[in-house]
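Asks: Protein chains in written order, with our numbering: chain H, 77 to 406; chain E, -1 to 322.
Some clues are possibly wrong.
Quick list of simulated restraints, FRET-style, between CB atoms [as the list claims (entries may be wrong)]:
#, chain 1, residue 1, chain 2, residue 2, range
1, E, 170, H, 297, 51 to 59 Å
2, E, 16, H, 175, 22 to 30 Å
3, H, 176, E, 23, 46 to 54 Å
4, E, 250, H, 311, 29 to 37 Å
5, H, 242, E, 188, 49 to 57 Å
6, E, 250, H, 260, 28 to 36 Å
7, H, 157, E, 243, 42 to 50 Å
8, E, 107, H, 344, 37 to 45 Å
9, H, 243, E, 247, 55 to 63 Å
10, E, 188, H, 179, 39 to 47 Å
11, E, 218, H, 288, 15 to 23 Å
12, H, 157, E, 271, 48 to 56 Å
13, E, 301, H, 297, 36 to 44 Å
Result set (DSBU-like, lysine-lysine): computed pairs, CA atoms no more than 30 Å apart in a straight line [unchecked claim]:
#, chain 1, residue 1, chain 2, residue 2
14, H, 177, E, 272
15, E, 274, H, 177
16, E, 266, H, 321
17, E, 83, H, 156
18, H, 291, E, 78
19, E, 151, E, 78
20, E, 151, H, 291
21, E, 148, H, 320
22, H, 270, H, 345
23, E, 121, H, 181
24, E, 78, E, 105
25, E, 83, H, 345
26, E, 189, H, 291
27, E, 151, H, 345
28, E, 31, H, 371
Source of the hints: derived by calculation from the structure; they are not laboratory data.
Treat the numbers as computed from the prediction; the structure is a model and nothing was measured.
Note that the Cβ used here is the ideal one computed from N, Cα and C, for glycine as well.
Each chain, letter by letter, is given below.
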Amino acid sequence: MAGLLTTTVGSFPKPEYLQRARDDFYRGKLTREKLNALEKQATREIIQKQEELGLDILVDGEMYRGDMVTYFAEHLEGFKISGLVRSYGNRYYRKPIAIGKIRRKAPVTISWFTFSQSLTKKPVKGMLTGPYTIMDWSFNEAYPSRRDFALALAEVVHEEALDLQQAGARYIQIDEPAISTRPEEIDLAIETMKIVTKGLTAKTITHICYGDFEKIYPQMLNLAVDQIDLEMANRDFALLDLFKKRPFTKEIGLGVLDVHRHDIDSKEKVKRGIKKALEIFTPEKIYVDPDCGLKTRTPEEAFAKLKVMIEARDEVRKELNMKPQLTERK
Amino acid sequence: MAILTTVIGNYPKIGEGLTTPSIRQAIHRRDQKEMTDEILEKIFQENTVRVIREQEALGIDIITDGQIRWEDIVTPLAAKIQGFKINGLTRFFNNNVYYRQPVVVDKLVWKSPVTVETFRFAKSQATHTVKAVLPAPFTFAALSEDTFYKDEKTLVLALGDILNQEAKALEAAGASIIQFDEPALVFQKEKVALAIEGLRRAMAGLKVKKGIRTYFGDLEGIFDPLLDTEMDFIGLDFVSTEGNRRILGKRIISKALGAGCIDARNTKLEDPRKLKALIQELSEKTPQLYVSPNCGLEFLPYQSVGPKLTQMVQAVRECDGRAR
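Just need the whole structure built from these sequences, with the hints factored in.
Replies: Spelled out as structure tokens, the structure:
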């Protein structure tokens, strides 16, 4: 019996040398070339680390991205980047502003995908931010409505997804964390996702978080993806009870690590989550991962959490007499 | 009566090109223990003066202190009210903005005024009227987690009593307008009776002008019960949805109307003709119109605030025919 593959949601913490280099770059003290060399170094390190940990499906770690929306906006025509706006507490970020027709001048993530996939025999996921989220997290001075804006973005993200598949991506994740923000717009998110994944044969995944999932369930099952990845650990897997009542018809990305906590999750809790999911899903439909991206944790916290996750998965497999999955090979 | 301009509450704390010390850096240095709370407080004061001067220069008639010490509309109070602790981050309504959620862990007790000292300071620095802003009890409860009362109504009423004490202290300190922010109501219209009960408690015995501002949605279907209260003004968001324009329809109300007419969640400027038409239309429906952005200004980068408020003030002046 195969299944219970492990993966992560996308981002890893940036090593300190890279954070310093990014600061220096934005202050004009470091060239783009030197920053790029350090981003590659950090990517090599994080690929190697994921192999050491024994993850099944890898990510490039997003060492070259700041914010998941601003990164794409910086690489698309039609956007400019705003002054600082506050996100919470004393945290600020630069928000994209659509000022013209959004177009993709050139592929955005493909060279990073190709580079990171060249470093490993395990599959690396292509990682994109979805059109609904880019729309919701940007200012809009260019399009008459939120829908027009999101539809334009959907075409652009679709082009990028096709290129990822062409470059060899077998898994393509389109993150839509904003989907749960406005339940009244779930149909727009469904409409735009359909455009993004049209004609893709790669396995498609979407990650949704910060959720009032109850308000968009079961409609969210109409998202045109093979797998929906959800945060579960931060609410002690209560969401699974909802799926007992109304069947979840897709593969599940099962968030088992609370990424917003510094302390390391207990193996027992992770195992409990996996076992609870196994009451509803067959193992091959379950992909075990953290609740969200790991970039807000320290590298030590992130790696310790993932170690617990993989050990928990291994123990569950053993207890259920599951044969270890033949390692996923590209 | 003349149309007056106002803002909802918060104002960007930092901005490129400002000469006042950066609040962001100051808080960071204080957190790193490289700066004392006293120096940070001085920097808050300097920036309070800055946002007061800016609002006055832009032509805002009724200003706020910019809430530059506030991370959101509830935690500054929750941190000082006995019985709360402050928990992890959660989303602020339907925005990509987060706040630390207050958790009720014990009986709530108001110990002493929280906002009065900063209000007094702002008032002493301003030539225009400074209004005091507090969260409404229902919204305060909606943004909190309750592990103590375990009954929404009990919590809302307890918060109503606490906010009443704070409001009375503000009144004693010379506040002539007290605004209660009630955004949660637009998302939970079925709870309007409870919200009103909370507001009655919060506003009890106040002699100053008092009212609510709602934003991020409309009050379609629940406007009448709110009109049928003692409050002096009701504030509506005319940008986020079409609903509020529909509820005003052909009617004329006897209360003052706060009208969020420009979008403080998008950098795009309004169509000047549509903006003027909206203000004109609304000015005929109320004895006193207060024109404002639809919500706090902190969703915008600093550079956008000047052009936005300038456009708003300009539109009001054109409708008003008032020379200022």
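Asks: Hint numbers the structure violates, sorted upward?
Replies: 3, 4, 7, 12, 16, 17, 18, 22, 23 and 27
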